[in-house]
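Novice: Sequence:
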Amino acid sequence: MTVSRMTTKKEWFGEWFDSPYYHILYKDRDYTEAQQFISRLVEKLAFPKQAKVMDLACGKGRHSIYLNKLGFDVVGLDLSAQNVEAARQSGNSHLHFYIHDMRRVFAEGVKQFDYVLNLFTSFGYFAEEQQNQQAIESAAQALKKGGVFVLDFLNPDKVISNLVGRERKTVEEINFCITRQVDDQHFIVKDIWFEDENRPFHFQERVKAISKKEFIQYFEAAGLEVQQVYGDYYLNEYDAQKSDRMIFVARRP
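Going by full-length UniProt numbering, 105 is the number at position 105 of the sequence shown; the sequence numbering is gapless.
Treat the hints as calculated values from the structure; they're not laboratory data. It is possible that some hints are incorrect.
Distance condition first, Cα-Cα at most 25 Å in a straight line; then the derived DSS-like pairs of lysine-lysine [unchecked claim]:
#1 K212 - K190
#2 K49 - K111
#3 K144 - K52
#4 K190 - K44
#5 K208 - K27
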């Protein structure tokens, strides 16, 4: 397998998410659990049959495709050109995919969507605080009046208290060495080292440990009202010490 070495010119997520090794390392993610979560969310929030949904940071479109199968008009957006190219193979008249940076307003969709979904910790990657706010505001601008933004993020309190400093994982005969730490800027940093075809590789994931209070401030500054915070994919209430997730439901008045 041949891929280019990571450079400092790209932000880490622009390089790593476009790499085939990202998909190898995470190939065993539980998509059944993800679909069950989406189904619960659709039922809990009572999505209308004709709802128009944005899947923000959609990856290769698995969740967009499932939402479309549930009967919704879906637009999937992702920064990775390779992801979007793969997702477009499943496109149809009610399922479209575009290359898009969430920090920018999706011009084709201003005030067009009933729901914007940002799922499975697809946030907190940016180096500057202002960029987090830009991303929230761009999502808010996509919503109709009364529209809902759902943002699903890790629970930083639990993740940090249970952080595994080092592990090894073998997938498709590639031996990954993974280290984790929290840096002085409060980013949860995962370094991923491995060799393939006698070539060494190093990638890094950086996710800001954003608190519930900080998220609420982002939403309020974007003109959104937080209505609920769930703590897991079964939509139980959020508990800072026990919950695995922070799932925000924020409405545009």
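Novice: Look at each hint and say if it fits the structure.
Specialist: These are the hints, each one checked on the structure:
1. K212 - K190: This hinted pair holds, its Cα atoms lying about 22 Å apart.
2. K49 - K111: Roughly 18 Å separates the two Cα atoms, so the pair holds.
3. K144 - K52: OK: K144 and K52 at ~10 Å, within 25 Å.
4. K190 - K44: violated (34 Å)
5. K208 - K27: Holds, at about 24 Å.
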